[in-house]
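Could you put together the complete structure from these sequences and hints?
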Amino acid sequence: MCLLLFNPGPFPFTFQLSTMSGFLDSVRCGDCECNVDWGERRNTMASIAAGVLFFTGWWIIIDAAVKYPDEAVFHHAYHTCGVIATVAFLMINAVSNGQVRGDSYSEGCIGQTGARVWLFIGFMLAFGSLIASMWILFGGFVVPKKPVVYPGIAVFFQNAFIFFGGLVFKFGRTEDLWQ
Amino acid sequence: MAGIKALVGLSFSGAIGLTFLLLGCALEQYGVYWPLFVLIFYILSPIPTFISRRLSDDSDAASNACRELACFFTTGIVVSAFGLPIILARVALIQWGACGLVMAGNAVIFLTILGFFLVFGGGDDFSWEQW
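Quick mapping for you: the protein sequence lines, in order, are chains A and B.
Numbering follows numbering that gives the first Met the number 0, in which position 13 of the first sequence is assigned residue number 12; successive positions increment by one, without gaps.
Numbering follows numbering that gives the first Met the number 0, in which position 100 of the second sequence is assigned residue number 99; successive positions increment by one, without gaps.
Just so you know, the hints here were simulated from the structure itself, not pulled from any lab data.
Nothing here was measured: the structure is a model prediction, and the numbers come from that model.
Mixed in with the good hints, there may be bad ones.
Ranges of calculated distance between the beta carbons of each label pair, as one might list FRET restraints [stated by the list, open to error]:
(1) B:I3 with A:A93: 40 to 48 Å
(2) A:G138 with B:L43: 32 to 40 Å
(3) B:I46 with A:Q111: 47 to 55 Å
(4) B:I39 with A:G127: 47 to 55 Å
(5) B:Y32 with A:D69: 25 to 33 Å
(6) B:L113 with A:F170: 22 to 30 Å
According to the in silico footprint, chain A covers these stretches of chain B (three or more CB under 8 Å from chain A) [stated by the list, open to error]:
(7) 35-48
(8) 67-81
Ideal placement from N, C-alpha and C gives every residue a C-beta, glycine not left out.
Have a look at this one:
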C-alpha cells in the first residue's frame with residue numbers, strides 16, 4: 000500500500016511517495032507445510048464421517064424421546080431397533096477385513112471361519128435393524144394414521160444413519176500399509 | 000515447542016469460547032444454566048486421543064486402528080456437544096438464542112482444543128514430560 004505525502008512546498012506542489020507495509024503482506028497462501036499423505040488421510044476422514052453419522056443417528060432418537068415422552072405417542076419398545084443396530088455396528092467393526100480373508104498375522108480368538116460367521120451375523124443384524132425401522136415407520140405410524148409421525152421418522156433415520164455409519168467405518172478405511 | 004505466543008493465543012480463544020457459553024446461560028433474557036452440561040463434552044473430547052497416543056508403541060496396523068477408533072469417538076463427543084443444546088432448545092428448556100450462543104462457544108472451544116493438539120501435541124514421542 001502506498002501513501003502519498005503532500006509536501007506543502009512552493010508551487011508546483013511536489014509529492015513524495017512512501018510505502019507502508021500492509022498487515023496482510025506476510026500472509027502466504029498455499030504455503031502450508033502440512034505433510035499430508037492422502038492415503039493416511041483417507042482413514043481419518045472415514046473415521047470422522049462414520050462418527051458424525053453414528054452419533055447423529057443417536058441424537059435424533061434422543062430428540063424424539065425427549066419431545067414425545069408419552070408411551071402412547073412413542074412406544075418405548077421401538078428403541079430396541081437402534082440398540083440392535085449399534086450391536087451390529089460393533090460386531091461388524093470388531094473384525095478386520097484381513098482376519099476374514101485369512102491373511103493377517105494372528106488368527107485371533109475364533110479363527111478365520113469364526114470371523115466369517117461373526118461378520119455374517121453382524122451384517123444380518125444390521126440389515127435386519129434397517130428393515131425393522133422401515134417396518135416400524137410404516138406399520139406403526141403411517142398405516143394406522145397416527146397424529147404424530149415424527150417418532151417413526153426418527154427411528155427410521157436413526158437406524159439409517161447407524162447403518163451407513165457402520166458401512167463407512169468398515170469399508171471407508173483401508174488396511175493397506177503401503178500404497 | 001511453539002512458544003508463548005501460541006499459548007497466549009489459544010488461551011485467549013478458550014476464554015472467548017467460555018464467554019460465549021456463559022453468555023448463553025447468564026444473560027438476563029435467558030437465565031437458565033442447563034447449557035453448562037456441554038462442559039462435560041469439552042473435558043471428554045481430548046481423552047480418546049490421549050489414550051490412543053499412550054497405547055500406540057509402534058506404528059503398525061494395530062495402532063492405526065486404535066487411532067481411528069479414537070478419532071471416531073472424538074467426533075462423536077463433538078457431535079454430542081452440538082446436539083445437546085439443540086435438544087434443550089427443542090423442548091424449550093433454553094431459548095434458541097441461548098442455543099446459538101452455546102454452539103458458537105462450542106465451535107471456538109473445539110477449535111482451541113484442536114489448536115492445542117496441532118501446536119503442542121505433534122511429534123512421534125508424545126510424552127508427559129513435555130509439560
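Results of checking the hints against the structure:
no. : hint                           : result
1   : B:I3 with A:A93: 40 to 48 Å    : 45 Å, holds
2   : A:G138 with B:L43: 32 to 40 Å  : 38 Å, holds
3   : B:I46 with A:Q111: 47 to 55 Å  : 35 Å, violated
4   : B:I39 with A:G127: 47 to 55 Å  : 34 Å, violated
5   : B:Y32 with A:D69: 25 to 33 Å   : 27 Å, holds
6   : B:L113 with A:F170: 22 to 30 Å : 27 Å, holds
7   : 35-48                          : violated (count 0)
8   : 67-81                          : holds (count 10)
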